[in-house]
Amino acid sequence: MKMSRIAALLVTALAFLCLTVVFAGFLAPYDVAQQNRKLAFAPPSVIHFADASGRIHLHPSVCALEDRPGAFGEYRENHLNCFPIQYLVRGTPYEVFGVVKSNLHLFGVAPQTKIFLMGTDSYGRDLFSRFLCGGQISLLAGLTATLLSLAVGALLGTLAGYFGGWLDASIMRGAELFLALPWLYFLFAARAFLPLSLSATGAFWLLIAVMSLVGWARPARLIRGVVLSSRERHYVLAARLFGGSDTYIMRRHILPETYSILLTQAVLLIPQYVLAEVTLSFLGLGVAEPTPTWGNMLSTLQKYSVLATYWWMLIPGLLLIPVFCGFVLLANELQPGRKARAA
Amino acid sequence: MLSFVFLQLAPGDFFDEMRLNPQISPEAVARLHREYGLDKPLPVRYFSWLKSAASGDWGTSFAYNAPVAPLIWSRARNTLLLTGLSMLLCWMIALPIGVFSAGERHRWIDHGCSFLTSFLLVTPDLLLALGLLWIALRTHWFPAGGMFSLKSAHAGSVAQCRDLAFHLIAPVAVLVLGGLPVLLRHIRAAMTDALQTPYIRAARSHGIPYSRLLFRHALPAASAPLVSLFGYSLGSLLSTSLLIEVVMNWPGLGPLLLEAILARDVYMVIGTVMFSALFLAGGMFVADVLLFATDPRIRTKDIG
Chain L
458 MKMSRIAALL
468 VTALAFLCLT
478 VVFAGFLAPY
488 DVAQQNRKLA
498 FAPPSVIHFA
508 DASGRIHLHP
518 SVCALEDRPG
528 AFGEYRENHL
538 NCFPIQYLVR
548 GTPYEVFGVV
558 KSNLHLFGVA
568 PQTKIFLMGT
578 DSYGRDLFSR
588 FLCGGQISLL
598 AGLTATLLSL
608 AVGALLGTLA
618 GYFGGWLDAS
628 IMRGAELFLA
638 LPWLYFLFAA
648 RAFLPLSLSA
658 TGAFWLLIAV
668 MSLVGWARPA
678 RLIRGVVLSS
688 RERHYVLAAR
698 LFGGSDTYIM
708 RRHILPETYS
718 ILLTQAVLLI
728 PQYVLAEVTL
738 SFLGLGVAEP
748 TPTWGNMLST
758 LQKYSVLATY
768 WWMLIPGLLL
778 IPVFCGFVLL
788 ANELQPGRKA
798 RAA
Chain B
93 MLSFVFLQLA
103 PGDFFDEMRL
113 NPQISPEAVA
123 RLHREYGLDK
133 PLPVRYFSWL
143 KSAASGDWGT
153 SFAYNAPVAP
163 LIWSRARNTL
173 LLTGLSMLLC
183 WMIALPIGVF
193 SAGERHRWID
203 HGCSFLTSFL
213 LVTPDLLLAL
223 GLLWIALRTH
233 WFPAGGMFSL
243 KSAHAGSVAQ
253 CRDLAFHLIA
263 PVAVLVLGGL
273 PVLLRHIRAA
283 MTDALQTPYI
293 RAARSHGIPY
303 SRLLFRHALP
313 AASAPLVSLF
323 GYSLGSLLST
333 SLLIEVVMNW
343 PGLGPLLLEA
353 ILARDVYMVI
363 GTVMFSALFL
373 AGGMFVADVL
383 LFATDPRIRT
393 KDIG
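Line order of the protein sequences matches chains L and B.
Residue 590 in my numbering is what sits at position 133 of the first sequence, and the numbering runs on without skipping anything.
Residue 290 in my numbering is what sits at position 198 of the second sequence, and the numbering runs on without skipping anything.
In isolation and in its complexed conformation, chain B is listed as follows:
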């Protein structure tokens, strides 16, 4: 909501460029201006927007001359696909590696991991993306950017899916590599703490196999901070994906938002930011539910 006020304070609006165009008469611009309600004072506009937003109408895009919500949704699906897949892969890779590297503390595998994560941590995601694109352009192993190739537009759905998966390689790889180091470090730290507790030592003295000990005994105990990390990592993932989408030409929210900012398409910017906030809130909610499901301490506290 704050962004609405800020945005309206910005000098100039979408029709400035139209005014400069000699082919469009000043009267037409003024009429459009009135049609979009831009001549009304700020509070009036804000409340009318708020009212319509509550009923599902997020305003009309100036640039596309269409309602914002469907436009955003068509792009957001692509972003969700990208971020969802990256999130899944990231956790699937990070969990076993993090658990093992905590189990093998100060051995070569642990040192190797920490070296790799340090390197990935200091490499900006932007650079990772550019590097991968460079490899793609040089070797043609995987497509550089875009979502579908031109050929596949008329191909069957199976071929289209394969094409999509092929195009997903580069952006997902960047997002996974970018998110991995933070995740790995947290998992390792949480697991290390869990492994040093007395009950793990007790379980060990009972002769429980080490791998079972790691995954069955220590991991659930270490999961509470990790689940809340899930909510926060979603935010940074969304940010990174915004950048990667622009660099790699992925038709998601990133390019849409950038275009909207450059065109001063007010409702589009607000809509996109609001959507990301909603998505994030959803993620946080899921994290809370997961926390409730995994941690018996919280459950008992609620009941008692």
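Okay, chain L solo, but in the shape it has when bound:
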């Protein structure tokens, strides 16, 4: 399939996002669990290009925060106590892929002050660092659940379309049931049978299993349709005439027909599953603190006082919009026959 220029651009952007998230440890100035209890709910740092006397510097700096006298939980900048942003500094150690160990960070400031690009949460943890690392779990969950449900969907869809008969009927009735059920209720019900308190990895895998259990139906239906039409193609009939076995025909002749649909479905499903993770973790049923995910970063916002006072807690949520936007636009670009319909 030849990609349009827009599709290529979107793919680049999404690949860039994945790279950002993978190298979160390098890009994030702090460790995700590092607490600054004295700087709870600190607003995003103001990056100054001018110093206290008004002189413009090319090198930006960040001023230290101190408590505003007479007000609890509010901060002001101490303009006499500013430190330039440094690049490629040594800081807290981290791992990439669990293999490469390093303590080199892209940027940071002197230890006398802190740089919080997106502010801090109730424990004074850096939201920017948490957002980047949270993306690792959220995106990986979305990606893995997509692959799993596509695999299940492709398998069942191919079986149903190829063999037909009672197998087809029973699989498709099951798929219709899953399609019609309100997915969140179903997700909840499936989540309800799992133990409530889990380790982060356990919760992660359970989350994926539950999500892909819910989502296999749509790809299965689509793939069944493709298989049904390609089963009667002449080259398939010819392959059967030559004595090809069912597995051989399915693998060699029928499965390749479904690749474009699988690709489009994958692009559509990833944001849905990321959103499902966000929803479950938001409600406290997914990956739990202190491991950051995009969902449980937002769950503090269930308290009205937090929502009303600390607007920067909404930033991780707002950043989800461009991410989802990228996926949806890409899916639109990939949709077969889009050009034909638009004309």
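Keep in mind that a hint or two might mislead.
[Stated by the list, open to error] Among chain B residues calculated to face chain L with C-beta under 7 Å, some are:
(1) 229
(2) 327
(3) 368
[Unchecked claim] Mimicking SDA-like on lysine to any residue, the simulated pairs with C-alpha atoms at most 20 Å apart in a straight line are:
(4) 558/L <-> 483/L
(5) 760/L <-> 294/B
(6) 760/L <-> 377/B
[Claimed, not checked] Some chain L residues judged to face chain B by a derived CB distance under 7 Å, without partners named:
(7) 639
(8) 640
(9) 641
(10) 642
(11) 645
(12) 646
(13) 732
(14) 758
(15) 763
(16) 764
(17) 765
(18) 774
(19) 778
(20) 781
(21) 782
Hint data in this document are derived by calculation from the structure and do not stem from the laboratory.
Using N, Cα and C, we set each Cβ at its ideal position, and we do this for glycine too.
Add chain B to chain L, keeping to what the hints say.
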């Protein structure tokens, strides 16, 4: 029914927490355990539940120590109010806009609509809800969450209704905005297909006014896929409403289900999920009846 087996397989039950409480004696816990029949093997429990569920008794909630059905019904009324109203508003807004934007294809109104729907499509409902709540908390234009304000508890019924309507603004707005884009796209696609048929061109050449053509000729022809969409959109609406109810503190099925899951209140979870399934089945049935009523092709096929 599947959920029953799954739920029972879960490690731990409602009384685990009670066991940890030193003020409750182990004997009392064991007695409660027996009373609720939790000491019996799984198949026995399942069939006894199935038997009683068929006769209208959906089991007893552990947390509330009361029958599940009335509890669910008192909450479900609120959910039905919320989803019903949202559904109605959503269709009322989406139909004219979708029809016109199909009629004015590739004009600025169509492009404006498609831009807006794309934006709403990529914005998670959760974020919409949080955004609206944020506006509500900042401006106090409309109440942020809840169903009634404290003052209205002793007010007259008219004042209470007004208070309720006031509290409905935020959750209904989120549900409508969340459901609108999908609906709009389907309506537009169905209408576009209908407008390209030869009989519409024929009707046009007869000089029938355009607006009459859109609503009287094209819309009924396009309604068949839309009616079946109605059944499916109900499912997603229920899901969204579950989330919105939790975020906005609406006393519906959402918070009830969440609490029940967190407390391992087995029969409550099953009851709630079953209720939603029943509601959905009802919606599907209505959609089928509507389809029968609107599409003469199905009627004639049945007779012939």
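Hints, one by one, checked against the model:
1. 229: 4 Å, holds
2. 327: 4 Å, holds
3. 368: 5 Å, holds
4. 558/L <-> 483/L: Given that 20 Å is the threshold and the Cα spacing comes to 10 Å, the pair holds.
5. 760/L <-> 294/B: Status violated; Cα separation ~60 Å.
6. 760/L <-> 377/B: 40 Å, violated
7. 639: Constraint on residue 639/L satisfied, holds at 4 Å.
8. 640: Status holds, d = 5 Å.
9. 641: Result: holds, 3 Å to nearest chain B Cβ.
10. 642: Constraint on residue 642/L satisfied, holds at 5 Å.
11. 645: 6 Å, holds
12. 646: 5 Å, holds
13. 732: With Cβ-Cβ at 5 Å, under 7 Å, it holds.
14. 758: 6 Å, holds
15. 763: Not OK, violated: residue 763/L not within 7 Å of chain B, min 10 Å.
16. 764: Since the shortest Cβ distance to chain B is 6 Å, the answer is holds.
17. 765: 4 Å, holds
18. 774: 5 Å, holds
19. 778: Residue 778/L check passes; min Cβ-Cβ to chain B is 6 Å, inside 7 Å.
20. 781: 4 Å, holds
21. 782: 4 Å, holds
In terms of the numbered hints stated before, the structure departs from hints 5, 6 and 15, listed from lowest to highest.
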